[in-house]
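**Q** Chain residues, written in single-letter form:
Number of protein chains: 2
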Amino acid sequence: MQRYFVDKENVDIKRKIIYIIEDYHHIKNVMRMKLNDKIYVCDNDNNVYLCVISSFNDDNVECEIIETILKKVELEVDVTIAQGLVRREKTEEVLRRITELGASGYMSVIMDRSIVKIKDSKNSKIDRYKTIVKEASEQSHRSKLMKVYETLNIRDFINFSKNYDLCLFAYEESGRKSNYDLKRYLCNFDKKSILVLVGPEGGFSENEVKVLLENNFKAIGLGPRILRTETAPLYIMSAISYEMELEVNES
Amino acid sequence: MQRYFVDKENVDIKRKIIYIIEDYHHIKNVMRMKLNDKIYVCDNDNNVYLCVISSFNDDNVECEIIETILKKVELEVDVTIAQGLVRREKTEEVLRRITELGASGYMSVIMDRSIVKIKDSKNSKIDRYKTIVKEASEQSHRSKLMKVYETLNIRDFINFSKNYDLCLFAYEESGRKSNYDLKRYLCNFDKKSILVLVGPEGGFSENEVKVLLENNFKAIGLGPRILRTETAPLYIMSAISYEMELEVNES
Numbered sequence: 030m031q032r033y034f035v036d037k038e039n040v041d042i043k044r045k046i047i048y049i050i051e052d053y054h055h056i057k058n059v060m061r062m063k064l065n066d067k068i069y070v071c072d073n074d075n076n077v078y079l080c081v082i083s084s085f086n087d088d089n090v091e092c093e094i095i096e097t098i099l100k101k102v103e104l105e106v107d108v109t110i111a112q113g114l115v116r117r118e119k120t121e122e123v124l125r126r127i128t129e130l131g132a133s134g135y136m137s138v139i140m141d142r143s144i145v146k147i148k149d150s151k152n153s154k155i156d157r158y159k160t161i162v163k164e165a166s167e168q169s170h171r172s173k174l175m176k177v178y179e180t181l182n183i184r185d186f187i188n189f190s191k192n193y194d195l196c197l198f199a200y201e202e203s204g205r206k207s208n209y210d211l212k213r214y215l216c217n218f219d220k221k222s223i224l225v226l227v228g229p230e231g232g233f234s235e236n237e238v239k240v241l242l243e244n245n246f247k248a249i250g251l252g253p254r255i256l257r258t259e260t261a262p263l264y265i266m267s268a269i270s271y272e273m274e275l276e277v278n279e280s
Numbered sequence: 030m031q032r033y034f035v036d037k038e039n040v041d042i043k044r045k046i047i048y049i050i051e052d053y054h055h056i057k058n059v060m061r062m063k064l065n066d067k068i069y070v071c072d073n074d075n076n077v078y079l080c081v082i083s084s085f086n087d088d089n090v091e092c093e094i095i096e097t098i099l100k101k102v103e104l105e106v107d108v109t110i111a112q113g114l115v116r117r118e119k120t121e122e123v124l125r126r127i128t129e130l131g132a133s134g135y136m137s138v139i140m141d142r143s144i145v146k147i148k149d150s151k152n153s154k155i156d157r158y159k160t161i162v163k164e165a166s167e168q169s170h171r172s173k174l175m176k177v178y179e180t181l182n183i184r185d186f187i188n189f190s191k192n193y194d195l196c197l198f199a200y201e202e203s204g205r206k207s208n209y210d211l212k213r214y215l216c217n218f219d220k221k222s223i224l225v226l227v228g229p230e231g232g233f234s235e236n237e238v239k240v241l242l243e244n245n246f247k248a249i250g251l252g253p254r255i256l257r258t259e260t261a262p263l264y265i266m267s268a269i270s271y272e273m274e275l276e277v278n279e280s
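Protein sequence lines correspond, in order, to chains D and A. Reading the first sequence from the start, the letters are residues 30 to 280 in this note's numbering. Reading the second sequence from the start, the letters are residues 30 to 280 in this note's numbering.
Isolated chain D (complex conformation):
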């Protein structure tokens, strides 16, 4: 069934009515839906409603809430993936996959070895990225949209990191030295938010490693093989889901 995201203010819980504005065209003209067709609507705050289309108004589709879906589909921790600025296609691929895998946020960070240079129109891609996230969220049945942050330089990124309970960076050297503390950090984690920085293709500069370690970031390895910058975020998100979401049920 189709799934749409709306702002919370468009959900009128008392009257059991939801107004869909942004996807009006998609519902009416692309999907050619009719009155009484059923859809899922997510309020981007973990609530999912099974709805029936009750009216096509001038600028919105009005839906009646039939049922609130209680199934939990979101990770209990907020995980933001930060990545050394890489080419647009790689960023898009990572965005798609980590949306499916349950991340709460993504940002690019301008780093010493980023090959891509940022232009003046630096955040012009954000809108496109948000569309990708929205589509991937609908397909993977998420109830919350991942946030795409503006690109930061390393200094601003360090400031931003102060909002997180646990800050990690995936460091090739850690893998080489079999420093696999990721597991220890995840096993014992009982707080709310994790920030993980992955380097650009060329990895971290010595100075960046120094600055990160001075600012409460922990270096982690992701196993003995060398992962590409676009694979590392998928490993991290899969590991977090595996550790925190898959219960061991003795049968």
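Careful: at least some of the hints might be erroneous.
Identical chains blur together in the list; that is why a pair holds if it fits in one copy or across any two.
Unchecked claim - Here are the computed lysine to aspartate or glutamate pairs in the EDC-like style, where the Cα-Cα straight-line distance is at most 20 Å:
hint : residue 1 : residue 2
1    : Lys57     : Asp87
2    : Lys101    : Glu202
3    : Lys212    : Glu276
4    : Lys63     : Glu93
5    : Lys212    : Glu272
6    : Lys45     : Glu96
These aren't lab readings, by the way, just hints derived from the structure by calculation.
Position chain A relative to chain D; hints supplied.
**A** Below, chain A alone, put in the same frame as chain D:
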């Protein structure tokens, strides 16, 4: 440092000499290496040698072994990913990523809901796939090449599965029912080989599910969100690496 794969028969351990034939052109003309340049050579049987180029012969590059590298980079279990036949681009992307993530084998399986139809030239892509695997293996510093099997139909695939100690299939319905037994299977696994089947875009048909369950396959869920067919193999490989390769070192 560059890394090349050779057949085991080209390694003369007694004389400490390796002959590189296949990558002759790459070493000499692409990389323009010279005598005494150092490279890594892998024998595709878990051995990695640090070598120095000692001679450019007519049809091979002769290297002297300086040192045998003992670092373990391969998973201790053999994991083969089987996937409902999907478009070539998706297959290539999965091949690249699961090579990085340590898989031992990959095969496509013709399934009821595969949208792609196989042509007579059905296994003509295998050579291209092998090249992709070789490149990804070099980049991710593996010591063993992942095997790319020919495409099978479901009946032959079931026969093939008898070679494995544990056979799993990633079933959307299992995720819906919070059947997350993957973790239980991995925690307790003490054998040698795992085969995991991932459906094509449309998922498994009822009949396929029946046949798989009758043939010793266990259904597993990969968390509460719906993963695409090209993301599921990455989740599985990351989870296996996380469970089996990352030790918890108390600091």
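**Q** So, for every hint listed, does it hold in this structure?
**A** A quick look at each hint next to the structure:
1. Lys57 - Asp87: within (11 Å within a copy, 69 Å between copies)
2. Lys101 - Glu202: Between. Shortest inter-copy distance 15 Å satisfies the 20 Å Cα cut-off; intra-copy 37 Å does not.
3. Lys212 - Glu276: both (16 Å within a copy, 7 Å between copies)
4. Lys63 - Glu93: Result: close within a single copy only, 14 Å intra versus 74 Å inter.
5. Lys212 - Glu272: both (8 Å within a copy, 9 Å between copies)
6. Lys45 - Glu96: For lysine 45 and glutamate 96, the Cα distance is within 20 Å only inside one copy (9 Å; across copies 72 Å).
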